[in-house]
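Asker: Chains C and D, in that order, are what the protein sequence lines are.
Using our numbering, the letters of the first sequence map in sequence onto residues 1 to 112.
Using our numbering, the letters of the second sequence map in sequence onto residues 1001 to 1115.
Treat the hints as calculated values from the structure; they're not laboratory data.
Note that the Cβ used here is the ideal one computed from N, Cα and C, for glycine as well.
Please note that the accuracy of each hint is not assured.
Claimed, not checked - Result set (DSS-like, lysine-lysine): computed pairs, CA atoms no more than 30 angstroms apart in a straight line:
1. C:Lys-42 - C:Lys-99
2. C:Lys-70 - D:Lys-1079
3. D:Lys-1079 - C:Lys-99
4. C:Lys-70 - D:Lys-1080
Said to hold, decoys possible - Which stretches of chain C does chain D cover? Using the computed rule of at least three CB atoms under 8 angstroms from a CB of chain D, they are:
5. 35–45
6. 57–67
Claimed, not checked - Facing chain C, from chain D, some residues (calculated, C-beta under 7 angstroms):
7. Trp-1007
8. Arg-1042
9. Leu-1044
10. Leu-1090
11. Pro-1103
12. Asp-1108
13. Gly-1109
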Amino acid sequence: QKEVEQDPGPLSVPEGAIVSLNCTYSNSAFQYFMWYRQYSRKGPELLMYTYSSGNKEDGRFTAQVDKSSKYISLFIRDSQPSDSATYLCAPSPMDSSYKLIFGSGTRLLVRP
Amino acid sequence: SQTIHQWPATLVQPVGSPLSLECTVEGTSNPNLYWYRQAAGRGLQLLFYSVGIGQISSEVPQNLSASRPQDRQFILSSKKLLLSDSGFYLCAWSGLSGRGNQPQHFGDGTRLSIL
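For reference, chain D alone in the conformation it holds in the complex (with noise of 0.2 angstroms):
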């Protein structure tokens, strides 16, 4: 069966600081990944999409990056968090289908403090 693992599961940083998170899916291959943000009490903010190795799509203009250096393995990182960076960070995995959309499916997540 297909498993997601994110880390770490609480993060606090200063301002100004660089980020790295990762997420890696096991049991399948060729997924497509995702990273969302999810502010307290609302909905979920899809930030990067990957079809493929190298292959990134930006969904918002922001202070953040993404990468995909294995088929299996995402990273979300930026150079200076600002403080409006914190919240719920959410990697998610999607199976292909040639025909429409694939649900998602979420790991953990891991809450981000800015201070």
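Isolated chain C, as found in the complex (with noise of 0.2 angstroms):
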């Protein structure tokens, strides 16, 4: 079992749609989260960082993690077709090694 998983997508909708992504891990150790946005070609993006379980919001972005279910969601409001990219979830666990493990992605088209 990867330690990750996320569904590869792509996920397709219109303009206006509110977006949900999501992600499980295995690893009760992960207390961070992150979720990055990679544009083709780019590298990834920073977009939302959270520490433990519960809600974050920022803007048109809210990152939701279930620790207890080992499952982070991403969700988008008003999705624009400035959001279409891929999504990677990043969860690392509190120890020294600044390590994260990176999901393999969804992609995201949002239609005008």
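Using the hints, build the complex out of the two chains.
Answerer: Shown next as structure tokens:
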């Protein structure tokens, strides 16, 4: 079993839709949870950074962590064509290794 | 503000040739530095990370090596490239924190093709 799993997509939605991107993980030591957005031929860009369970909101983006289920979600409200990208979840343990474990990413297409 | 630079953006090399990819960070001191490889349609694989000058940790056995000659410079090298070394190479940095991990920030990568 992979440590972090994401549905590869592509997920295709119309402009203005609410998007739900999900990620499951197997390591209960993960304490920090990050979401990155990656446009084609570019490096990943940090979107959200959360610690432990609960919700965190930033503009149109909401990150949700359920540690009991080992389930992470990223919600995008009022999706725009510019949101079309690959979204990577990256949990990390609380230790001194500073390592992130990346999912393989979900490709999102927002149709105008 | 902090910025990270990687070059070149694209590189085509013959099998058996040497490689040197460079990454520099500006606007921060004593960052943690990372090299990743991303295969098409796949996640990021950590290759090396460094917590200080001359301190390199290797995550996977491979044909590549890394060096950190200066605080904000990280170099990925190979003496003889293999076809399997093709991929998208990303450099990243993170700050230090007394409480757990800091998020990593990425450069725009080098797309390496081996012929």
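Asker: Check whether three or more residues of the region 57–67 of chain C sit with their beta carbon closer than 8 angstroms to a beta carbon of chain D.
Answerer: Our answer is that it is violated, as 0 residues pass the Cβ test (under 8 angstroms) against chain D, missing three.
Asker: Let's test the interface hint: is any C-beta of chain C closer than 7 angstroms to that of Arg-1042 of chain D?
Answerer: Hint on Arg-1042 of chain D: holds, closest Cβ of chain C at ~5 angstroms, below 7 angstroms.
Asker: Test coverage of the region 35–45 of chain C by chain D using CB-CB distances below 8 angstroms; three residues minimum.
Answerer: Per the Cβ count (6), the hint holds.
Asker: Let's test the interface hint: is any C-beta of chain C closer than 7 angstroms to that of Leu-1090 of chain D?
Answerer: Check passed: Cβ of Leu-1090 of chain D comes within 5 angstroms of chain C, closer than 7 angstroms.
Asker: Verify the interface restraint on Asp-1108 of chain D: the C-beta must sit less than 7 angstroms from at least one C-beta of chain C.
Answerer: Hint holds; Asp-1108 of chain D Cβ to chain C Cβ min 5 angstroms, cut 7 angstroms.
Asker: Hint validation: Leu-1044 of chain D versus chain C, beta carbon distance must be below 7 angstroms. Holds or violated?
Answerer: holds (4 angstroms)
Asker: Below or equal to 30 angstroms on CA atoms is what counts here, so check Lys-70 of chain C against Lys-1079 of chain D.
Answerer: violated (42 angstroms)
Asker: Is the interface hint satisfied for Pro-1103 of chain D? The criterion is a beta-carbon contact with chain C at less than 7 angstroms.
Answerer: Given a least distance of 5 angstroms, the restraint on Pro-1103 of chain D holds.
Asker: Does the structure keep Lys-42 of chain C and Lys-99 of chain C at a Cα separation of 30 angstroms or less?
Answerer: This hinted pair holds, its Cα atoms lying about 21 angstroms apart.
Asker: Take the C-alpha atoms of Lys-70 of chain C and Lys-1080 of chain D, compute the straight-line distance between them, and say whether it is at most 30 angstroms.
Answerer: Violated, because 42 angstroms separates the two Cα atoms, which is more than 30 angstroms.
Asker: Holds or violated: are the alpha carbons of Lys-1079 of chain D and Lys-99 of chain C at most 30 angstroms from each other?
Answerer: holds (27 angstroms)
Asker: Measuring from the C-beta of Gly-1109 of chain D to each C-beta in chain C, is the shortest one below 7 angstroms?
Answerer: Result: holds, 5 angstroms to nearest chain C Cβ.
Taken one by one, the earlier hints fail for this structure at numbers 2, 4, 6, 7, listed in ascending order.
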